[in-house]
Amino acid sequence: MALDTAPKGWRSFARYSMLTIVALFILFPVYTTVIAALKPGNKVLENPLVPDAFTLDVLKDAWSQGRLGRYLMNTTIVAFIVTSVQLVTSIASAYAFSFLKFPMKRLVFGIFLSTLLVPLEVTLVVNRRTIDSLGWLNSFQGLTIPFVATAFGTFLLRQVFMQIPPDLREAAQMDGLGHWGFMREVAIPLVRPTLGALGLFSFLASWNQYLWPSLITTEDDMNTLQTGLRLLASSDLDKPNLIMAGTIIAAVPILIVLVVFQKQLVRGLTAGAVKG
Amino acid sequence: MAIKTRRLRDIPLAFAMLGPSLLVLLTFVLYPLGKAVWLGQQTCNVQGKNCKSVGWGQYTTVIKSDQFQHALWVTVKFALITVPIGLALGVGLAVLADKQLRGMRFFRTIFSSTIATSVAVASLMWLFLLQPSVGVLANLGWLRDIFPVIKEPGLLKDPGTALWSVGISSIWANLGFTFILVTAGLQSVPKEMHESAYVDGAGGWMRFTNITLPLISPTLLFTTVVLTSRAFQAYGEMDLLTNGGPIPQDSTTTVTYLIYGSSSIIKNNDGLQAAVAVLLFVILLALSALQFRGFGKRVHYGS
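From first to last, the protein sequence lines stand for chains A and B.
If you use our numbering, the first sequence closes out at 276, no skipped numbers anywhere.
If you use our numbering, the second sequence closes out at 303, no skipped numbers anywhere.
Read the hints as simulated data drawn from the structure, not as lab findings.
Hints are supplied without guarantee of correctness; some may be wrong.
With a straight-line cut-off of 16 Å between C-alpha atoms, the simulated EDC-like cross-links for lysine to aspartate or glutamate are [unchecked claim]: (1) K101/A with D220/A; (2) K105/A with D10/B; (3) K49/B with D132/A; (4) K43/A with E170/A; (5) K101/A with E170/A; (6) K99/B with D10/B; (7) K267/B with E195/B; (8) K101/A with D10/B; (9) K239/A with E46/A.
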């Protein structure tokens with residue numbers, strides 16, 4: 001802050017100017033996208049920076065002819081299945097690691113731990129073969145089942161469960177509260193904020209999947225938003241306004257989700273960054 | 001005795017609660033890893049069937065091949081472009097917006113906004129900017145006159161600019177993520193430390209390098225590791241913007257694109273794909289270990 005000595009008003013003016021310039025740079029690709037999506041085809045290439053024509057027809061075309069409506073439905077189904085099942089399996093396995101006594105616990109825990117080291121890209125060559133042999137190409141099973149369990153979620157929830165003193169569990173047991181009751185009354189209420197973050201995180205990751213759906217989808221009906229956009233871009237490159245309308249349709253739902261769940265987003269993203 | 005029966009009593013419940021997760025993780029994470037290692041020394045027909053062992057030497061062959069070495073070099077260059085610039089921009093933006101001023105929420109929302117773009121959305125937005133015939137930049141006459149490369153052959157088609165162009169799209173797409181993380185890190189820096197340093201006469205830059213940077217170093221380490229691994233696994237950008245090209249230089253064929261790309265020379269060879277995938281796994285593992293060791297000692301975790 002070499003400007004410390006400068007008058008206060010001038011300093012905040014400088015900061016606001018910088019903020020504005022940077023914001024304009026970041027928004028530039030969004031601006032050109034919106035302009036193009038709202039222009040009829042014959043106007044897109046002249047004056048690409050100026051909104052000199054307006055139509056909603058391109059968005060409608062992208063929705064129906066470009067089939068973005070169908071893709072949106074597929075993606076929503078996939079993301080909801082993956083997220084909800086992931087939450088259930090994570091709670092269950094985190095609970096078992098925290099409160100149940102069983103042999104080979106360390107070994108099973110080690111198996112969970114080791115899966116965190118394996119990047120997605122490494123497994124997909126074989127997973128494509130597995131899904132093919134199960135007859136699950138072009139299916140919701142193929143798009144969801146490989147992702148319905150997560151060691152990351154298990155660890156995140158286990159960390160919170162471990163804060164519950166063992167005495168509390170024992171006292172609850174004395175009072176005749178079984179595992180199911182303890183889970184409902186004590187454990188789940190405690191992890192509710194973490195569940196929100198985990199859920200949002202899973203939803204985003206699932207929504208944005210690109211490589212996997214492109215490997216196991218060949219029928220247009222099963223395309224997700226991401227692979228559908230890919231198809232649109234390869235078949236209609238001469239209609240950039242249609243493609244840009246498609247990207248807007250694909251981006252707006254997730255934008256709304258993120259605005260609504262801002263808090264959970266920051267908590268979810270920083271979960272790995274803080275010392276555990 | 002009592003302890004022992006309790007140990008056993010939980011078994012059915014533990015089995016029911018862990019079983020589903022375990023089944024999925026074994027089938028779709030650990031089995032494919034093991035199988036890929038095995039498949040890496042095999043050769044299959046075009047349909048990926050009738051695989052036969054050709055010996056572990058196939059890994060050596062892949063490592064020595066020009067294609068793999070080229071893809072690895074492209075990947076390293078891509079990481080060297082995207083990670084330092086992306087991190088520096090993220091920190092810069094976060095510091096710029098880390099001030100209680102009117103309207104700051106608005107700017108923070110804009111700076112975070114690219115997190116809402118998937119790789120397909122972000123790449124197509126940039127495709128529309130950079131594409132040489134229908135792209136925005138190519139249709140701005142004055143810009144095209146200054147930089148003819150925008151039109152002929154196009155930033156994504158010129159071997160000299162293709163990787164940088166993909167990199168810029170990728171940096172833009174990751175900027176929201178980096179900004180949010182660093183902002184969260186900055187907010188954990190106690191204000192009193194800045195104030196006392198200010199009283200002691202430390203200037204802005206000095207306070208930034210001596211207080212802020214050390215205190216957010218865990219965040220920076222985490223962000224670096226994530227951005228690096230994202231760079232090494234980048235696929236959608238190449239698939240949509242360049243198809244690994246321009247050909248014949250394959251300027252944007254990264255290791256991940258070499259495995260899965262639709263114009264990759266090994267796209268119909270499951271054995272070679274598996275071998276490259278296993279090598280990518282080893283590289284990523286070594287890389288994170290290195291980053292945690294190298295930076296780990298210098299990271300300040302506080303107390």
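- Which numbered hints turn out to be false for this structure? 1, 4, 6 and 7
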